[in-house]
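Could you build all of it, start to finish, from the sequences and the hints given here?
Here's the letter readout for the chains.
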Amino acid sequence: MNRQTKEIIIKYIFLLFALVSVIVLGLIVFSLFREGLPLFTEVSVKDFLFGMEWYPTYDPPSFGIFPLIVGSLIVTLLATFIAVPLGVMAAIYISEIAPQAIKETLKSVIELLAGLPSVVLGFFGMVIVAPWMQETFDLPTGLNIVNASVILAIMAIPTISSISEDALYAVPREFKDASYALGATKFETIVKVILPAAMSGISTAVMLGMARAIGETMVVLMVAGGAAAIPESLFDSVRPMPASIAAEMGETPYRSSHYSALFAIGIVLFCLTLAFNLIADYVSHKFRQIGSGTL
Amino acid sequence: MKWRYLKQHIFFGMVRASALIITLALGGIVFYIVYNGIGAISWEFITKQPTHSMTKGGIMPAILGTIYLTIGAIAIGLPLGIASAIYLTEYAKQGRIVRLIKVGINCLAGVPSVVFGLFGLGFFVIFLKFGSSILSGSLTLGFLILPTIIGASEEALKAVPQTFREASLSLGVSKWQTTYRIVLPNALPGILTGSILGVGRAAGETAPIMFTAAAYFTAKLPGSIFDEVMALPYHIYVLATAGTNIEATRPIQFGTVLVLVAVVLGIDLIAIIIRGYMRRNKRW
Chain A
1 MNRQTKEIII
11 KYIFLLFALV
21 SVIVLGLIVF
31 SLFREGLPLF
41 TEVSVKDFLF
51 GMEWYPTYDP
61 PSFGIFPLIV
71 GSLIVTLLAT
81 FIAVPLGVMA
91 AIYISEIAPQ
101 AIKETLKSVI
111 ELLAGLPSVV
121 LGFFGMVIVA
131 PWMQETFDLP
141 TGLNIVNASV
151 ILAIMAIPTI
161 SSISEDALYA
171 VPREFKDASY
181 ALGATKFETI
191 VKVILPAAMS
201 GISTAVMLGM
211 ARAIGETMVV
221 LMVAGGAAAI
231 PESLFDSVRP
241 MPASIAAEMG
251 ETPYRSSHYS
261 ALFAIGIVLF
271 CLTLAFNLIA
281 DYVSHKFRQI
291 GSGTL
Chain B
1001 MKWRYLKQHI
1011 FFGMVRASAL
1021 IITLALGGIV
1031 FYIVYNGIGA
1041 ISWEFITKQP
1051 THSMTKGGIM
1061 PAILGTIYLT
1071 IGAIAIGLPL
1081 GIASAIYLTE
1091 YAKQGRIVRL
1101 IKVGINCLAG
1111 VPSVVFGLFG
1121 LGFFVIFLKF
1131 GSSILSGSLT
1141 LGFLILPTII
1151 GASEEALKAV
1161 PQTFREASLS
1171 LGVSKWQTTY
1181 RIVLPNALPG
1191 ILTGSILGVG
1201 RAAGETAPIM
1211 FTAAAYFTAK
1221 LPGSIFDEVM
1231 ALPYHIYVLA
1241 TAGTNIEATR
1251 PIQFGTVLVL
1261 VAVVLGIDLI
1271 AIIIRGYMRR
1281 NKRW
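Sequences listed follow chains A and B, in order.
Heads up: the first sequence runs through residues 1 to 295, numbered per the working numbering.
Heads up: the second sequence runs through residues 1001 to 1284, numbered per the working numbering.
Derived EDC-like pairs: lysine to aspartate or glutamate, alpha-carbon spacing no greater than 20 Å straight-line:
id	chain 1	residue 1	chain 2	residue 2
1	A	K192	A	D166
2	B	K1007	A	E188
3	B	K1056	B	E1044
4	B	K1102	A	D281
5	B	K1102	A	D166
Partial list, computed: chain A residues near chain B (C-beta under 10 Å):
id	residue
6	L15
7	L25
8	L27
9	E35
10	P85
11	G87
12	I92
13	G115
14	R212
15	M222
Quick list of the computed label-pair ranges, beta carbon to beta carbon:
id	chain 1	residue 1	chain 2	residue 2	range
16	B	K1158	A	P85	32 to 40 Å
17	B	F1217	A	L37	31 to 39 Å
18	A	A181	B	K1158	32 to 40 Å
19	B	G1057	A	K6	55 to 63 Å
20	B	P1079	A	P60	43 to 51 Å
21	A	M52	B	V1098	40 to 48 Å
22	B	R1279	A	E174	24 to 32 Å
23	A	E7	B	F1226	37 to 45 Å
24	A	E7	B	Y1035	55 to 63 Å
Simulated from the structure, these hints should not be mistaken for laboratory data.
Note that the structure is a prediction, hence the values are computed from the model and not measured.
Positions of the beta carbon are idealized from the N, C-alpha and C atoms, including for glycine.
So this is what it looks like as structure tokens:
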């Protein structure tokens, strides 16, 4: 075999390896649909998505996941409201203000925070935050929306902060110099020049942070309380979608309609996070800052 | 003081406060866990089997199980990840296929861990009939950390100066040999430190192994890759939520959490320190 042929073969072998990610993504879709679709011979898609009652073990069972979707969305939104200001401001501090030594330390802190296993954060929320919250605010339970959102926010902060930081870092120097040259203060430069220029990157960061929060399982499983009903206050329990899958999969008979329903929830969850990721990908490509506009 | 400067002071105060809150969150969590968990840690705790229906004894099988699953995940994720990154940085030309692969990697990185668990259950456990086993769990975790490893490897490969490749190619060395002998050895330290962060993630994940590998209790240590195992994260979850006597096992729960945090953050910290050292002593 001559050298050229060998090189071409090697190239295609590597291509095959690189395609594994795409293949796995395909297999995920295949497995979810193979196990989840049988449900829809019994329940219509509309009743599944918008049904108000999730009683999978009753006779007859009822598979409406609307309360679970609401649960997921509400903890995700609240977590985003907490995590975005903290994460973005920490990114501003790291990229624009902090002295070198603090900057390095803070970056390590955020990386370690990202490394904390979700079950550890869930345990912390359940064993330490929940009893404290219950006593301090005199609530029926400490396992509720607020507690779960705060813990989820801690998980989303590293994602939001590190991607925002990259975006802020990528803003061309000339922008800042021009702003200072016009007599702007550092604050004015950050708010009126740097942040707008980095906005697409920061939006990407927020989308990815939300995707992380909506798909996170252990925290909502252990901390959100597990009530499959539409909440009336922020101190009510909810049962977000990932919690339902994780809690019930162990107890359900193989290939029962309950089993299929849990896979069908997996399909919904997969589609939601895929949408968040594709929007993030689109935003970061479409609104990318190109060039620095110098003369 | 002028209003403009006052605004700046307030803003900087808020920015510093956010940094402080994040640091305190990490510090607080780690402090509480160490404070409550340190009492449970002893040589027996790490080396003995659990006894008295989990209220006494150690967590050795869970530690061992987590080590097996993590090694399995590395064995699958690392070669695939490095090979993917070599294709993307060394061979690929910009085009449809590369765009497809990159979108695929991004989407895979965004798949929730519980969906990975469902995939592992539906595909490895049921479709390929591997059962709930070390093999199924390792495969699931391996694909979960694949995007992290690809990202780290790509970055490390891109950091190798183009002149290294040109010098090698100009001596008549083939592309593959250049990649294998020149580019890869120079990129390897970066690839490994970047990948370690993914390894930490594999060790700490719970949802993907819940339905694919983990058991609440196994009477024997696993004998083959087709056996179920106990694992630290799952052990914590079960003891804290579904044990027969949750209050009585509380010290063991804190002890297990401390061991898991020490393992995962220890792995991450080593990677961060090595990386910092490498950045300061870069030769090119």
